[in-house]
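Asker: Knowing the structure of chain A, use the given hints to seat chain B on it.
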Amino acid sequence: MDPKTAWEPYRPTAQRPWTPALAAHLLRRATFGFNRAQLDQAISSGPQQTVDRLFAAPPSLPSFNAQIDAFAAPLLTSEESGSQECAQLWLYRIMNTPFPLQEKATLFWHDYFAIAGRSALMENHLRLLRRNALGRFDALLLDLSRDPATILGCGFADALFGRYTGGSATPANASRAFTGYGVLRNRFHYQPEDHLSNISGDDAVKSALAQPNTAPYVVTRLYRWLISETTPPAGALIKPLADAFARDFDIGRTVATILRSNLFFSPEAIRQRLKSPLEFALNLTSAFQTTVAPASLYPQLANLGQRLAAPPSREGWAGGRAWLNAFTVMRRANLAHTILAKVENYPDRRQILELLLQSDSSPQSDGAELALALAASPEFQLA
Amino acid sequence: MSLTRRQFLYTTTALSLGAASSASDRSGTVLVVLQLAGGNDGLNTVVPYEDDHCGRARTTLRLTGSQVHKIGSSLGLHPEMNGFARLFAEGRLAILQGVGYPKMLRDHNTGMRAWQTASLSAQEQTGWIGRIADRDPESIPAAYVGTIAPPFSIHAREAIVPQLHSAADWAFAGNPPEPSAAQRPDALASFAARTTADAFAKVRNVSEALRRPAVIQYPQLPLAQSLQSVAQLIRADLGIRIFLVEQGGVSPGEFDNHANQAVNHAVSLRELSASVTAFCDDIEKDRLSDRVLLMTYSEFGRTLTENGRHGTGHGAAAPVFLAGGAIRPGLIGNHPSLTDLDADAPKPHTDFRSLYAAVLDDWLSIPADPILGGHFEKVSILGTRSEPPRARIAAND
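Read top to bottom, the protein sequences are chains A and B.
Each residue of the first sequence is one higher than the one before, starting from 0 at the first, in numbering that gives the first Met the number 0.
Each residue of the second sequence is one higher than the one before, starting from 0 at the first, in numbering that gives the first Met the number 0.
Only chain B is shown next, with the shape it has when bound in the complex:
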């Protein structure tokens, strides 16, 4: 009897896993989508610390070169992002700059809807992950892990996308015996029997994954807990290709810092950095790093100018983080201009659907155009280890 992919993952060496994630075989790749709710201030996350326009426009929020983690190109990561600075130095983090879409919407609901539906039409009835699930409603290609109501991204016409508080949620209450998986004479009954057998098998997989000793101590933070569950569910090898998690989702969202931003934003970025770093280290220790790619986004960035309450307003372009062993590390694209602004906010130069197209086509091997309802030129996000270089959207300086 041949090994299941899960057994393979437990017993294999790093060398063979590297082979499994070559460009020719992406059936086992996983995408983790992390939604930052409220509109993250990109300018104080990836900080252009030498840019006078930024320094002058911000008084209490200003971060200097001596405070940030320098990452080249006169940019630095927020001082609380120690983990991200290490991931960046180790070649496990990429920063895609200036992401957004034309005429960015600046209210939370419609702005977030655009990212969640991958559409600029308010009429779109499904989320982009939901549309992936609808390709085969009987399968489970995606799941949401979190304790708050899930983002609209997983909304599907037909498929029912799992929503879990934690990996431990993927278990039977009580102890129902496993029904016979014998073939039934009737097609519908056979389908129910097959699905039931699959349900019992997946519960066993999760239970085994949860029994494995932890290799990484995750911080006691909500995002870290969700990501730990995601790591456990990835190890359980349920065939789930996309996990959705969220930081700070109670409307309007914790990144929405109209006042006293300095302290609040630092706390949020610390949680983001520490949680994602723990996840990446966990995945790396398990030699799964080349199979897993994490991507962040927020509905919009923020305005350049600090307001009278030491906060910022709803903006436009913002950076996206990509983490994992297979990404093209470093800065991708230029920092948006701080002199050519749109109502006090940096303008995007890279459409987020170009990013989605890349993660769908190049990373998950899921044809992007039908999911995105159109063709978007892909951003090159994967490293040379696993992908031949593609035309870059904008040269790094």
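Okay, chain A solo, but in the shape it has when bound:
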């Protein structure tokens, strides 16, 4: 697609009409799942208004956050050596948030920075990611440079000039820019006399941001998250977004541009990702308005390769085809079976099809059988 028209907002036409399939595509990518009412609302609002709504922090968000923060209070002093407590609270938040795009972006950054650690530190780390998830990338990096989980979880200077910005070499004066940065009683602590560089940590962050590859690298990662895991984008396609991103590092605007674009609603993007185990599970719970306990979901996701708050390596999750093998396909179907077992009333067959696949499928006899059949179908693995 021509880089210019690719990123222009999609306006439905007679040739490219707004369909339930496109509405569902948008909701699959920007949220963890949707029910009938949410799909209907998207269908009737059209693409641009639906994106507006996805970005609008709802009025209930502060009280929701206050409630979760109260749950989280004991985590901040937790003695747990792992991160299970923190991950399960996060699952609860993801399943109940009134602002799903923010949680999805938080998960994207968790994958991107791939920090693991103790619950007590990870809870604050995830709050940091959430606070900046749709904000500014420069602010995000500055916050991370003072984040205890990040300081203890990775060599920040090398990560900053390496995998966090797509660079390859840490400048000599930058490698010591974070000396004196430490953690005391789970909090950031700066010891000025231990600082051994002529530049500050903040200067090093600015210098990493100014590298020419930083903006294209971040935008390419956003592309893989939101558009396609199958085909890496051409440099020319990334350039307009990267140029704009390099000016102000505005994540939210970049994500919005992508979600509104012609390219996003094109075959280049549709079903060109695999659902993560979490998306797989929550697409089902959302569609049938049922729930699954975080304590039960957490180990099942781990078994499928997605242990939240504990990425498998410093590169995060491989994603894409690595999610699926003959074993995980079977285990995903079993997770679907567990979730569907709690559904009391199924909508009619046409409704089930439209909620899960928005396409034709072989006939099955009743709702429960059809739902499980669809969940075990190859097409449902795609996001």
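It should be emphasised that the hints constitute simulated quantities derived from the structure, not laboratory data.
Note that CB positions come from ideal geometry on N, CA and C, so glycine has one too.
Be careful, since some hints might not be right.
[Unchecked claim] Cβ-to-Cβ under 10 Å is the rule here; a few derived chain B residues that face chain A:
hint : residue
1    : T58
2    : G110
3    : R183
4    : A192
5    : R193
6    : V266
[Unchecked claim] Residues of chain B placed beyond 10 Å of chain A at every Cβ, according to the derived structure:
hint : residue
7    : V67
8    : R105
9    : H154
10   : T195
11   : I215
12   : N259
13   : F375
[Unchecked claim] Partial list, derived from the structure: chain A residues whose beta carbon lies under 8 Å from chain B:
hint : residue
14   : N302
15   : S312
16   : R313
17   : A325
18   : A375
19   : E378
Answerer: Relative to the frame of chain A, chain B by itself:
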């Protein structure tokens, strides 16, 4: 239509299976890795019963020549290891002595990490079996069978290694119909369809394997149950090359006998011996013996001297057991010296990565160097039936 390898296994004769496992074709070989958690006392497992140093250093733990199963070279297997004694006599068990690595770590976590990552660097982020899985994340070359959290060995960057409680776990809950395997117009959808078809096929294979009547009665012990599942999954012929199982894995592990070792260790070794023997007999009855090799290890051996609580401390070198139809049977390497000790523990003379290199290169035909991150001289562990003799690391006496 040609037979699948699984059908081949069901219908073939011992003669043709022998041919299938010749040195030139190792595509179907299977390695079973058995982790003994806690630090097994090698000195009371493969007992130098005539060595005065051992006898003097141990009072309640001392085992005499009349108690052990003698296996030559003044060594004997622990009295509870009846099965291993029989396997040894039948040429189906090898004991690789004095295994470890330089400057062995003596705490459970870092010691076990070394064996699990095949690296002495605490920075290593993946397990050695995980790195094998990462060679092709869409395939399933390895699986863990057990009811407790799996060892780090299967930790991969990209691949998702199956973790199962039992073979019966490899099944669909509910009864989803098999989707059409027809080619999809799109590459990613085709991949999902292919993988889904493979998932249904593998579930059918397991289900068929589970329906076959048991040829061996396995003891009602956790390790035996896990190994029975492994045997069933091997028969299902899923293409899995490495199975990982564990005995006594709840930290610090049941082999960690700092006190009252005699009784506890006997119970553990009985479970080990009876379970592995049942597995080997099962595999042998199925004429799969030449395709399957089982290997044990523990994070370290124990100290020579019995402590005041009738136990032992964390040590260093320990023996590794190898079982199966293709191994070079008997004792491999010398028993470590009991006079030249490192902080009261026998010193290793054979690096465990030399063992890993052998099972990877010679047994699984998986190039060892990239997995081990370096070159390690291989120990000769395979029998003459299937492998020309190699230089031995140390002569048997």
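Asker: When the nearest CB of chain A is found for A192 (chain B), is that gap smaller than 10 Å?
Answerer: holds (4 Å)
Asker: Examine each Cβ of chain A, and state whether all of them lie more than 10 Å from the Cβ of V67 (chain B).
Answerer: holds (41 Å)
Asker: Was the hint right that S312 (chain A) lines chain B, CB cutoff 8 Å?
Answerer: holds (4 Å)
Asker: Holds or violated: R313 (chain A) as interface residue toward chain B, Cβ cutoff 8 Å?
Answerer: holds (7 Å)
Asker: If we take the beta carbon of R105 (chain B), is the closest beta carbon in chain A still more than 10 Å away?
Answerer: holds (21 Å)
Asker: Double-check A325 (chain A) for me: the hint is only fine if its C-beta lies closer than 8 Å to a C-beta in chain B.
Answerer: Where the cut-off is 8 Å and the nearest Cβ of chain B is about 4 Å from A325 (chain A), the hint holds.
Asker: Just checking, F375 (chain B) versus chain A, shortest CB gap more than 10 Å?
Answerer: holds (24 Å)
Asker: For the restraint on G110 (chain B), tell me whether the closest CB of chain A is nearer than 10 Å.
Answerer: Where the cut-off is 10 Å and the nearest Cβ of chain A is about 18 Å from G110 (chain B), the hint is violated.
Asker: Interface hint check: R193 (chain B), Cβ to nearest Cβ on chain A, cutoff 10 Å. Holds or violated?
Answerer: With a closest approach of 8 Å, the R193 (chain B) hint holds.
Asker: Is it the case that H154 (chain B) keeps its Cβ farther than 10 Å from each residue Cβ in chain A?
Answerer: Given a closest Cβ separation of 7 Å, the condition is violated.
Asker: Does the CB of A375 (chain A) sit less than 8 Å away from some CB of chain B?
Answerer: Where the cut-off is 8 Å and the nearest Cβ of chain B is about 4 Å from A375 (chain A), the hint holds.
Asker: Interface hint check: T58 (chain B), Cβ to nearest Cβ on chain A, cutoff 10 Å. Holds or violated?
Answerer: violated (38 Å)
Of the numbered hints stated above, those contradicted by the structure are hints 1, 2, 6, 9 and 10, listed in ascending order.
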